[in-house]
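In the order they appear, the protein sequences are chains A and B. Everything in the first sequence is counted per my numbering, starting at 1 for the first residue and increasing by one. Everything in the second sequence is counted per my numbering, starting at 1 for the first residue and increasing by one.
Careful: at least some of the hints might be erroneous.
In silico lysine-lysine, DSS-like type, Cα no more than 27 Å apart, as pairs [to be verified]:
id, chain 1, residue 1, chain 2, residue 2
1, B, LYS168, B, LYS270
2, A, LYS72, A, LYS157
3, B, LYS194, A, LYS208
4, B, LYS270, A, LYS45
5, B, LYS168, B, LYS106
6, B, LYS175, A, LYS242
7, A, LYS72, A, LYS265
8, A, LYS45, A, LYS13
9, B, LYS175, B, LYS106
10, A, LYS66, A, LYS205
11, B, LYS134, A, LYS13
12, B, LYS270, A, LYS52
13, B, LYS66, A, LYS102
14, B, LYS194, A, LYS242
15, B, LYS168, A, LYS13
16, B, LYS194, A, LYS265
17, B, LYS66, B, LYS223
18, B, LYS7, A, LYS205
19, B, LYS223, B, LYS194
20, A, LYS145, A, LYS157
21, B, LYS7, A, LYS102
22, A, LYS66, A, LYS265
23, A, LYS208, A, LYS72
24, A, LYS45, A, LYS205
25, A, LYS208, A, LYS66
26, A, LYS13, B, LYS175
27, B, LYS7, A, LYS242
Cβ-Cβ distance ranges computed for the label pairs, FRET-style [claimed, not checked]:
id, chain 1, residue 1, chain 2, residue 2, range
28, A, ASN148, B, ASP236, 39 to 49 Å
29, B, LYS66, A, ASN186, 27 to 37 Å
30, B, PHE104, A, TYR159, 54 to 64 Å
31, B, ASP222, A, ALA281, 31 to 41 Å
32, A, ALA10, B, CYS263, 17 to 27 Å
33, A, GLU190, B, GLU70, 56 to 66 Å
34, B, LEU30, A, TYR32, 41 to 51 Å
35, A, PRO104, B, ASP236, 19 to 29 Å
36, B, GLY54, A, ILE21, 49 to 59 Å
These are calculated hints, taken from the structure and not from any lab test. Beta carbons: idealized from backbone N, C-alpha and C, even for Gly.
So the chains spell out like this:
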Amino acid sequence: MFKRKLFHNAYGKTLPYLLLIPTFAVIILFIYWPAVSSFRMSLYKVSPFGNKTIYTGLSNFENLFKNPDYEKSAWFTLFYVSFTVIATIFLSFILALLLNQKVPGSRFYRTLIFSPYAVSPAISGTLWSFLLNPVVGHVNYFFMKAFNVQVLWLTTKPYALYALLFSSIWKALPFSIIFYIAALQNVSDELLESATIEGAGTLRKIWKIQFPLVSPITFYLVIMNIISSMFQSFAIIDVMTKGGPGGYTTTMMYRLFLDAFAYQKTGPASAQSVVMFLLMAGVTIVYFLFGERKVHYA
Amino acid sequence: MKRSVRKRVNLVSIEIALIVITFVIFLPILLGITMSIQPPESVFAFPPKLFPTGFHWRNYTEAFRKFPFEYFLMNSLIIGLATTLGKIVTGILAGYAFANFRFFGKSFSFAFLFATLFLPAETIMIVPLFAIMKQFGWVNTYWALTIPFMASATNTFLFRQHFRSMPKELEDAAKIDGAGYMTYFFRILIPLSKAIIGGSAIINFVYAWNMYLWPLIVSMEDKMKTVQIGVKMMIDAEASNNWGIIMAGTMIALFPTLLVFFCLQSVFVKSLVRSGVKG
Chain A
1 MFKRKLFHNA YGKTLPYLLL IPTFAVIILF IYWPAVSSFR MSLYKVSPFG
51 NKTIYTGLSN FENLFKNPDY EKSAWFTLFY VSFTVIATIF LSFILALLLN
101 QKVPGSRFYR TLIFSPYAVS PAISGTLWSF LLNPVVGHVN YFFMKAFNVQ
151 VLWLTTKPYA LYALLFSSIW KALPFSIIFY IAALQNVSDE LLESATIEGA
201 GTLRKIWKIQ FPLVSPITFY LVIMNIISSM FQSFAIIDVM TKGGPGGYTT
251 TMMYRLFLDA FAYQKTGPAS AQSVVMFLLM AGVTIVYFLF GERKVHYA
Chain B
1 MKRSVRKRVN LVSIEIALIV ITFVIFLPIL LGITMSIQPP ESVFAFPPKL
51 FPTGFHWRNY TEAFRKFPFE YFLMNSLIIG LATTLGKIVT GILAGYAFAN
101 FRFFGKSFSF AFLFATLFLP AETIMIVPLF AIMKQFGWVN TYWALTIPFM
151 ASATNTFLFR QHFRSMPKEL EDAAKIDGAG YMTYFFRILI PLSKAIIGGS
201 AIINFVYAWN MYLWPLIVSM EDKMKTVQIG VKMMIDAEAS NNWGIIMAGT
251 MIALFPTLLV FFCLQSVFVK SLVRSGVKG
């Protein structure tokens, strides 16, 4: 009896560690190890034949910040991310308000409006490449009929940016709408009713009651959308513009990919990875500094 | 009286707005389907068609004939099922450890796991993870496409949260009846977690099916590629002549996730809001 209890105790002490082994093996091997090694690799330079690595200190970073192309892609990333995030938040809030109304068929509308969530970024890029195609595309046909212009969406400035935005926002909307609907359902009906009795109009109620009450969700969604448009937009760009025309739509993420694979520049690519880590860290710090407070009445 | 009329008018305008918006948002998928079932000669029809004029399989059979879509589909399926299973198994085990045990280093290991959420996965993949795959000799294998995705912080947290919500009396009662830790785990916890396992399975599968960057980097031969990369191959090869076949490939890649999504939407939405993952 005593022996059994002792065994049980030792077993109970080691069991949690055994349970954690698979998860920690994967995250250490495939997340932490590569993350640390990219910091290390950013300080080295690989010789042209890839057979020697030379310690170069911070020169990869110096070259990176001196490179006008990198600066250009940083600006483009800033534009692309801010447009995508602002438009997604704004549109998804309005759509969530509409879908939150009790009208006949709202379940059906939800199902179809949520459907781009199941569409991958690559497929979203493909669908929009088709719609915007100058020969067979419907959007192009519409523009011809309505404004009598033929726009080469994917291959000219600044339309390539708009093309990416259509695709990115379309793909990003459902995620935000789903969260907004869940949040709006928690806004009490009594509050809205009493505001109506006080004579508040619809817009006033939205702006003064509903929008402030869902502000924690708005904040969460801004962060999530920043992250996804910075990192996961890769597929959309690769399918639609390949960073063109002339590097115009090359985001920092896409340049990192090009430097690593098309140009095989491991050192500079690692330095870019480190910059991306720091950006992500910045977003994370902002999230924890402001997100945890959950201010409702902003 | 006046108020109710105004309310009616409001409802009707909301309804109309919703119909228009739904149509516009669903239109890209609808037009893709239309294009994919056009006969090749009306692909260049001007004005382009909104609704299909007939039903032709030609683009689909051509897609399979010109590109190895049977491999693409098989690979996507293997990767989807393997990573989903892996993530759920590792997530359940680790979730159980965090929810039901007290052990030395618990809060540290929890923070260590939590911090992975703030490392940009795509950035890690491009240079260093690929270098590790080369060292392992895993490039262009299923190992590279599945093993690195077999555990995640989100799945662990999901199950930890769920196990913590179970009444403590349940565990005590099981212990009094002589059940050990693993008996309790297999006989009681797992059967009570079916719904949540199902929900996370769907989200994980769709996530794996829709992966793009990693399969693009790590698969070299056509026979190792996934449907997402297959669609990209089609665009590069066919964009100037036949959008019908590209849209057929697109629909092949899209159909499974869209079907899962339509059939199980309420489960999907619930688990999404619960776990807060971005897909």
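Hints, one by one, checked against the model:
1. LYS168/B x LYS270/B: Distance ~25 Å between LYS168/B and LYS270/B Cα, so the pair holds.
2. LYS72/A x LYS157/A: Cα-Cα ~14 Å, so holds.
3. LYS194/B x LYS208/A: violated, 42 Å
4. LYS270/B x LYS45/A: With a Cα-Cα distance of about 48 Å, the restraint between LYS270/B and LYS45/A is violated, given a limit of 27 Å.
5. LYS168/B x LYS106/B: The hint holds at about 20 Å.
6. LYS175/B x LYS242/A: Violated, at about 60 Å.
7. LYS72/A x LYS265/A: Since the Cα atoms of LYS72/A and LYS265/A sit roughly 19 Å apart, the hinted pair holds (cutoff 27 Å).
8. LYS45/A x LYS13/A: violated, 47 Å
9. LYS175/B x LYS106/B: Roughly 23 Å separates the two Cα atoms, so the pair holds.
10. LYS66/A x LYS205/A: Distance of about 50 Å is beyond 27 Å: violated.
11. LYS134/B x LYS13/A: violated, 38 Å
12. LYS270/B x LYS52/A: Given that 27 Å is the threshold and the Cα spacing comes to 52 Å, the pair is violated.
13. LYS66/B x LYS102/A: Distance ~49 Å between LYS66/B and LYS102/A Cα, so the pair is violated.
14. LYS194/B x LYS242/A: violated, 43 Å
15. LYS168/B x LYS13/A: The hint holds at about 19 Å.
16. LYS194/B x LYS265/A: Roughly 48 Å separates the two Cα atoms, so the pair is violated.
17. LYS66/B x LYS223/B: holds, 13 Å
18. LYS7/B x LYS205/A: Given that 27 Å is the threshold and the Cα spacing comes to 16 Å, the pair holds.
19. LYS223/B x LYS194/B: violated, 35 Å
20. LYS145/A x LYS157/A: At roughly 22 Å apart (the allowed maximum being 27 Å), LYS157/A and LYS145/A satisfy the hint.
21. LYS7/B x LYS102/A: holds, 12 Å
22. LYS66/A x LYS265/A: Holds - the C-alpha atoms of LYS265/A and LYS66/A are around 16 Å apart, at most 27 Å.
23. LYS208/A x LYS72/A: violated, 40 Å
24. LYS45/A x LYS205/A: Distance ~59 Å between LYS45/A and LYS205/A Cα, so the pair is violated.
25. LYS208/A x LYS66/A: violated, 47 Å
26. LYS13/A x LYS175/B: Holds, because 16 Å separates the two Cα atoms, which is no more than 27 Å.
27. LYS7/B x LYS242/A: violated, 50 Å
28. ASN148/A x ASP236/B: 39 to 49 Å: Check failed, 32 Å falls outside 39 to 49 Å.
29. LYS66/B x ASN186/A: 27 to 37 Å: violated, 51 Å
30. PHE104/B x TYR159/A: 54 to 64 Å: Given range 54 to 64 Å: holds, Cβ gap about 59 Å.
31. ASP222/B x ALA281/A: 31 to 41 Å: holds, 38 Å
32. ALA10/A x CYS263/B: 17 to 27 Å: Given about 47 Å between the Cβ atoms, the range is violated.
33. GLU190/A x GLU70/B: 56 to 66 Å: holds, 58 Å
34. LEU30/B x TYR32/A: 41 to 51 Å: holds, 45 Å
35. PRO104/A x ASP236/B: 19 to 29 Å: Hint violated: Cβ distance 46 Å, outside 19 to 29 Å.
36. GLY54/B x ILE21/A: 49 to 59 Å: With a Cβ separation near 58 Å, GLY54/B and ILE21/A satisfy 49 to 59 Å, so the hint holds.
The structure does not agree with the numbered hints 3, 4, 6, 8, 10, 11, 12, 13, 14, 16, 19, 23, 24, 25, 27, 28, 29, 32 and 35 stated previously, though it agrees with the rest.
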